[in-house]
Each structure stands twice: as structure tokens, then as C-alpha cells.
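Asker: Each chain is listed here by its residues.
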Amino acid sequence: MVVWSEQERSIINSIFASLDYDDIGPKALCRCLIVYPWTQRYFGGFGNLYNAEAIKTNPMIGAHGIKVLHGLDRAVKNMDDIKNTYAELSVMHSEKLHIDPDNFRLLADCLTIVIAAKMGTAFTADIQAAFQKFLSVVVNALGRQYH
Amino acid sequence: MSLNKTDKERVKAFWSKVAGKADAIGAESLARLIVVYPQTKTYFAHWKDVSPNSPNVKKHGKTVMGGVADAVTKIDDLKGGLLSLSELHAFTLRVDPANFKLLTHCILVVLAAQFPADFTPEVHVAMDKFLAAVARALAEKYR
Chain A
1 MVVWSEQERS IINSIFASLD YDDIGPKALC RCLIVYPWTQ RYFGGFGNLY
51 NAEAIKTNPM IGAHGIKVLH GLDRAVKNMD DIKNTYAELS VMHSEKLHID
101 PDNFRLLADC LTIVIAAKMG TAFTADIQAA FQKFLSVVVN ALGRQYH
Chain B
1 MSLNKTDKER VKAFWSKVAG KADAIGAESL ARLIVVYPQT KTYFAHWKDV
51 SPNSPNVKKH GKTVMGGVAD AVTKIDDLKG GLLSLSELHA FTLRVDPANF
101 KLLTHCILVV LAAQFPADFT PEVHVAMDKF LAAVARALAE KYR
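The listed protein sequences derive, respectively, from chains A and B.
When we follow UniProt numbering, the leftmost residue of the first sequence carries the number 1, and every step to the right adds one.
When we follow UniProt numbering, the leftmost residue of the second sequence carries the number 1, and every step to the right adds one.
These aren't lab readings, by the way, just hints derived from the structure by calculation.
Computed from a predicted structure; not experimentally measured.
Hints are all accurate, no fakes.
Below, a list of computed lysine-lysine pairs in the DSS-like style, where the Cα atoms sit at most 27 Å apart:
1. B:Lys101 to A:Lys133
2. B:Lys129 to B:Lys41
3. B:Lys58 to A:Lys133
Can you build the whole structure from these sequences, using the hints too?
Answerer: Pasting the structure below:
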């Protein structure tokens, strides 16, 4: 079971309480598709992903980025049992979406970098550590039901 | 995933913007490495003070970033240009190459935090590829 310190809980809640989902969601997903272009394989029906500009201005990608980011809300609300909270979502990502779970890690890294860019020096090493710990638990939970 | 002409141009252009702060970027990146990935402290057991703000960490961050700066000037032949550094890492330091990825990530986080407007996705991918290529060159002599 994952053990969270009071400080870690506070950091995670604080980040998500002040998060601009409409801004960060699209930025994180776009960055993932640009920095790790093989992730585009899952977006065949999303229209023009031909170059970075097209990806950044693609409204379907933007909307999806917001959706994915909100997907983290349940983990924030259930930090003590992320594994079970995401069991169904994990099955869905495996059986319906067929996403290689390594991609969750790639998106998590891009999200970290987008948040770092937004928060600047306020994104201290301790905050980065807590945020990455949270994301790694989520990533782990999402990959857990693959078979 | 080797560096193409556009990658090299982007790396050189971005580096010219950030080079002035290389020492601070290095110190910050190394500090983050040991806080976010505590297992990396095992390589610094010979330091009395391994805290993120210690003089050792600052100095060593500067050294490491100096290596990155040097690599930018040798971007057209990283394997050849970083040969002696590769031998150092292979035979003396023997840092597990997995850690190069961790430090790369910390460097990218620091660049994003300090240069949010310049660290666009296009620059991000070029820098990620570049640092991965540097890591490959450093691991060249390992086995």
C-alpha cells in the first residue's frame, strides 16, 4: 500500500485545486504527441496530426487532453486506494483502447514538464518528487489489469 | 532516433539562450535528481553533505553541465568528441546508464521551469534527443 505523508497530500491537492485543466490538458497531450511521435498511433481518427502546428491547433486533441487530465481527479480524491479506483479504467485501456502502458509514463513525464513550465521556480524539487510519486502510482494502477 | 539537421539547429539555438545560466541549471538539475530519485545518492556516498543545497552538489552540477555545454560544440560527432568522458564513465565512475535518463528528465524539468516560453514542444523533442545521444555516447565504452 502506498504511504503518503501529510506534506505529499497537501502538495497534490494544492496542485490540482489551482490547475487550469483547459490550458494544461491540451498542452500535456500535444507535447506527448510531438515529443514521442509514436504515441500518435492511438489518434488515427483525430484528424490532422501532420506537424507540431497542426497538433497544437487540433481541437479534437485539445478536448481529449482536457478529458484525460480530468481522469486524474478520481486518483486525487482516493489517494489511499488508487489501485482499486482505477481497476476498471485499467481494464478499459487494455481491452478496449489497446494502449501500451509505457505510454502512460510518457504522458506523465510531459505533464510534469508542462506543470513545471507553468509553476516556474515554485515547482521545487520536493513538489516535483511528490507529483512524480503520485503520477507513478497512477501509471502503475492503469497498467495493472493488463493481461 | 539520431539527430537530424533541424534537431541540431534547435539545440544550438536554444543552448545559446540558456548557456549563461548553465552553472545554475546544472546545480538545480543535480539537486532535483537526488531529491526525486534518492537511489542516485548511492553515487555520492563519499560526500559528507549530500543535501540538495550543499556546495558539493552545486559544484558537481556545474561540472556535469559543463560536459553538456561541451557536447553541444561536438554535436556533429558525439561519440568521437566525448571519447575520454566515455572512458571515464565506463572504467572509473561506472554510473548505471539508467541514471542518464533520470538526469535528462531533471534537466528538462529545470529548462521548462526556467525558460517556459522558449522550451516549446519542438525544442523539448530536440533537447530530449540530444541528451539521449549524449547518454549513448557516454555509455559507448561500457561493454
